[in-house]
Amino acid sequence: MSRVYKIASESSVIVYFGSSIDPAISQEVQKAYLALKAEKCESFFEIIPSYASLMVSYDLMQFDFDGVCAKIEKIIHHAEEITMSEPKIITIPTYYGVEVGLDLQLLAEEKNLSVEEIIALHVKGLYSVYAIGFAPGFAYLGEIDERLATSRLASPRKAVPKGSVSIADRQTAVYPSQSPGGWKVLGRTPTAMFDAAYDGLSLLHVGDHVQFEPISKAEFLRLGGEL
Amino acid sequence: MSRGFLVENGGVQSCIQDAGRRGFSDIGLTQSGAMDEMAFGYANFLVGNDFNTSTIEIALGGVTLKAQEEMCIAICGATMHPKLNGHTMSLWQVHQLKKGDVLSFGYASEGQFAYLAVAGGFQTPHLYGSFSTSIKEGLGGIEGRKLKAGDQLPTSGARCPMDRRKLEKQHIPHYPDEITLRLVKGYQEEMFDNKAQETFFNSVYTFKGEGDRMGYRLSGEKVVPSTTGILSEPICYGAVQIPSHGEPIVLLKERQTIGGYPKIGSVIAVDCFKLAQLRAGGRVRFVEVSLEEARRVTHAFYTFFGAKGV
Numbered sequence: 000m001s002r003v004y005k006i007a008s009e010s011s012v013i014v015y016f017g018s019s020i021d022p023a024i025s026q027e028v029q030k031a032y033l034a035l036k037a038e039k040c041e042s043f044f045e046i047i048p049s050y051a052s053l054m055v056s057y058d059l060m061q062f063d064f065d066g067v068c069a070k071i072e073k074i075i076h077h078a079e080e081i082t083m084s085e086p087k088i089i090t091i092p093t094y095y096g097v098e099v100g101l102d103l104q105l106l107a108e109e110k111n112l113s114v115e116e117i118i119a120l121h122v123k124g125l126y127s128v129y130a131i132g133f134a135p136g137f138a139y140l141g142e143i144d145e146r147l148a149t150s151r152l153a154s155p156r157k158a159v160p161k162g163s164v165s166i167a168d169r170q171t172a173v174y175p176s177q178s179p180g181g182w183k184v185l186g187r188t189p190t191a192m193f194d195a196a197y198d199g200l201s202l203l204h205v206g207d208h209v210q211f212e213p214i215s216k217a218e219f220l221r222l223g224g225e226l
Numbered sequence: 000m001s002r003g004f005l006v007e008n009g010g011v012q013s014c015i016q017d018a019g020r021r022g023f024s025d026i027g028l029t030q031s032g033a034m035d036e037m038a039f040g041y042a043n044f045l046v047g048n049d050f051n052t053s054t055i056e057i058a059l060g061g062v063t064l065k066a067q068e069e070m071c072i073a074i075c076g077a078t079m080h081p082k083l084n085g086h087t088m089s090l091w092q093v094h095q096l097k098k099g100d101v102l103s104f105g106y107a108s109e110g111q112f113a114y115l116a117v118a119g120g121f122q123t124p125h126l127y128g129s130f131s132t133s134i135k136e137g138l139g140g141i142e143g144r145k146l147k148a149g150d151q152l153p154t155s156g157a158r159c160p161m162d163r164r165k166l167e168k169q170h171i172p173h174y175p176d177e178i179t180l181r182l183v184k185g186y187q188e189e190m191f192d193n194k195a196q197e198t199f200f201n202s203v204y205t206f207k208g209e210g211d212r213m214g215y216r217l218s219g220e221k222v223v224p225s226t227t228g229i230l231s232e233p234i235c236y237g238a239v240q241i242p243s244h245g246e247p248i249v250l251l252k253e254r255q256t257i258g259g260y261p262k263i264g265s266v267i268a269v270d271c272f273k274l275a276q277l278r279a280g281g282r283v284r285f286v287e288v289s290l291e292e293a294r295r296v297t298h299a300f301y302t303f304f305g306a307k308g309v
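Going down the list, the protein sequences come from chains E and W. The opening position of the first sequence corresponds to residue 0 in numbering that gives the first Met the number 0, with each subsequent residue numbered one higher. The opening position of the second sequence corresponds to residue 0 in numbering that gives the first Met the number 0, with each subsequent residue numbered one higher.
Among these hints, one or two may not hold up.
As the list claims (entries may be wrong) - SDA-like, lysine to any residue: derived pairs with alpha carbons at most 25 Å apart:
hint, chain 1, residue 1, chain 2, residue 2
1, E, LYS73, W, GLY22
2, E, LYS30, E, VAL3
3, E, LYS5, W, HIS298
4, W, LYS184, W, GLY210
5, E, LYS36, W, ASP49
6, E, LYS5, W, HIS173
7, E, LYS157, W, LYS207
8, E, LYS161, W, LYS82
9, E, LYS36, W, ALA306
10, W, LYS194, E, ILE6
11, E, LYS5, W, LEU126
12, E, LYS30, W, LYS207
13, W, LYS145, E, SER178
14, W, LYS135, E, GLY181
15, E, LYS70, W, LYS307
16, W, LYS82, W, HIS173
17, W, LYS184, E, LYS30
18, W, LYS145, E, PRO179
19, W, LYS135, E, SER176
20, E, LYS161, W, LEU126
21, E, LYS36, W, LYS307
22, E, LYS157, W, GLN12
23, E, LYS161, W, ILE141
Hints listed in this document are in silico derivations from the structure and should not be mistaken for laboratory results.
Produce the entire structure from the sequences given, and follow the hints as far as they go.
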């Protein structure tokens, strides 16, 4: 597939692999990201992947634009031959009670489904980590069942509780810490998404697969969850 | 490690900053770092520090600090009328403090950010490769927050190599109410047709004070991109995004790492520093600059300060 290199700034280049949310495109981005990271090129200060693009911020003392594009292309070109190892599957225990699933009722009414059906649809998916952004450890996971697809809240919450498992459009995510946000909240996990104790600081990394596992309120509390 | 400063009044928003955090954007950590690296760079230079040494970034003023030991400092940036034990002191030069000295800042009359550097830097916690505070994320610096009364800011106790060093007048920057920002076109520039680009480059925008360390929103002639949103993608320093309301937002040190609004290009680093110092009510024009020229200017800036890698 052809890649498009564009200027982002005097020291950043953005590479487009496509323009849609598509597992095949995302796979390419991930391969390129992993290959660039593995190169451990000290002149690449930031390598940020997203759905269909990847940005490299580079040392302009070392590279000019054409030079950096050639270097990236060379590394990515080899990456095409890499067979990706099986993605890591990470299970996120989630308590889907209405006291923490702040928008469960609302969503059930909007979708003409029962709360149980909504939970079942959310739990059955195996989601890919497409990108991490918005906040440290905030992973964009996709895609949720079409029957759950929903808009953001008309008025975002000032404070979404830490660990909130939420959805918007065809995406799902966990809020790593309390923050403002407009995604609809279905439940809460006691698992930390961002922690200095994790290798790489974030529980999830681009390319990982994620499963949500329903747990009881008692289990949620036992695992350190807070209501 | 020695006792350094005791914060008696944290002011409007003061926090520990160095040149920022590198290499964690892929897990969503913001870059952070000094909003104006030029004033930051001069403050460190005067006290004999490497470019990337931690300083106190003081926004708007109102700070009072008490020296708990002998110290060698320099204050550069916004004019906040600092006083040493009640006596006026000058910016852009080295000062020797004695134990018990009280340093107090008024409110800025020119510019927004001042930097207080101490020889050897502040010995506050070093987190993920930087001393910088990310206010948005509540991370780094002192417990991820702005300084408040009672905070202790230890130093290394180092001496200045030249205890009367001052910056020559012709090098001292000023912070006018009207600035021109050089922009390298890129990202979604094709989503802005000729008419939109003409509007963008021929308008004078006003900074009404809608902004923080994440970015500054400008008000003025609306520029309409051909689409309202794009697939979320990475955002770099200085990126100018134009949401559907049509007014540009220049993204600065605590920007989100990924976003979904069309971007016309990016303001070069040196001009982002100028923008950071612009006060509410200030005016902004954009002018296109070639990539070669942008590279040359940014390269020259970091070479001047002897920064390792940009």
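The hints, checked one at a time:
This hinted pair checks out: LYS73 (chain E) and GLY22 (chain W) have alpha carbons roughly 21 Å apart, not beyond 25 Å. Restraint check: the Cα-Cα separation between LYS30 (chain E) and VAL3 (chain E) comes to about 16 Å, which is no more than 25 Å; the hinted pair holds. Only pairs whose Cα atoms come within 25 Å are accepted, and LYS5 (chain E) paired with HIS298 (chain W) is accepted, the gap being roughly 20 Å. Between LYS184 (chain W) and GLY210 (chain W), the direct Cα distance comes to roughly 23 Å. Compliance with the 25 Å bound is thereby established for this hinted pair.
Between LYS36 (chain E) and ASP49 (chain W) the CA atoms are separated by roughly 28 Å; this puts the pair beyond 25 Å, and the hint is violated. Distance restraint check for LYS5 (chain E) and HIS173 (chain W): the Cα-Cα separation of roughly 34 Å exceeds the 25 Å cut-off, and the hinted pair is therefore not satisfied. For the given pair, LYS157 (chain E) sits about 23 Å from LYS207 (chain W) by alpha-carbon distance, which is consistent with the 25 Å threshold. Between LYS161 (chain E) and LYS82 (chain W) the CA atoms are separated by roughly 43 Å; this puts the pair beyond 25 Å, and the hint is violated.
Among the hinted pairs, LYS36 (chain E) with ALA306 (chain W) is consistent with the structure: their alpha-carbon atoms are about 24 Å apart, no more than 25 Å. Restraint check: the Cα-Cα separation between LYS194 (chain W) and ILE6 (chain E) comes to about 22 Å, which is no more than 25 Å; the hinted pair holds. Between LYS5 (chain E) and LEU126 (chain W) the CA atoms are separated by roughly 32 Å; this puts the pair beyond 25 Å, and the hint is violated. For the hint linking LYS30 (chain E) to LYS207 (chain W), the alpha-carbon distance of about 44 Å lies beyond 25 Å, and the restraint is violated.
Between LYS145 (chain W) and SER178 (chain E), the direct Cα distance comes to roughly 18 Å. Compliance with the 25 Å bound is thereby established for this hinted pair. With a C-alpha separation of about 17 Å, the suggested pair LYS135 (chain W) and GLY181 (chain E) falls inside the 25 Å cut-off, and the hint holds. Straight-line distance between C-alpha atoms of LYS70 (chain E) and LYS307 (chain W) comes to about 21 Å, which keeps the hinted pair within the 25 Å bound. This hinted pair checks out: LYS82 (chain W) and HIS173 (chain W) have alpha carbons roughly 20 Å apart, not beyond 25 Å.
For the suggested pair LYS184 (chain W) and LYS30 (chain E), the alpha carbons sit about 28 Å apart, so the restraint of at most 25 Å is broken. As the CA atoms of LYS145 (chain W) and PRO179 (chain E) are separated by approximately 19 Å, the hinted pair is consistent with the 25 Å bound. Restraint check for LYS135 (chain W) and SER176 (chain E): the C-alpha separation of about 11 Å stays at or below 25 Å, so the hint holds. For a cut-off of 25 Å, the pair hint linking LYS161 (chain E) to LEU126 (chain W) stands: about 22 Å separates their Cα positions.
With a C-alpha separation of about 21 Å, the suggested pair LYS36 (chain E) and LYS307 (chain W) falls inside the 25 Å cut-off, and the hint holds. For the given pair, LYS157 (chain E) sits about 21 Å from GLN12 (chain W) by alpha-carbon distance, which is consistent with the 25 Å threshold. For the proposed pair LYS161 (chain E) and ILE141 (chain W), the alpha carbon gap of about 22 Å is at most 25 Å, so the pair holds.
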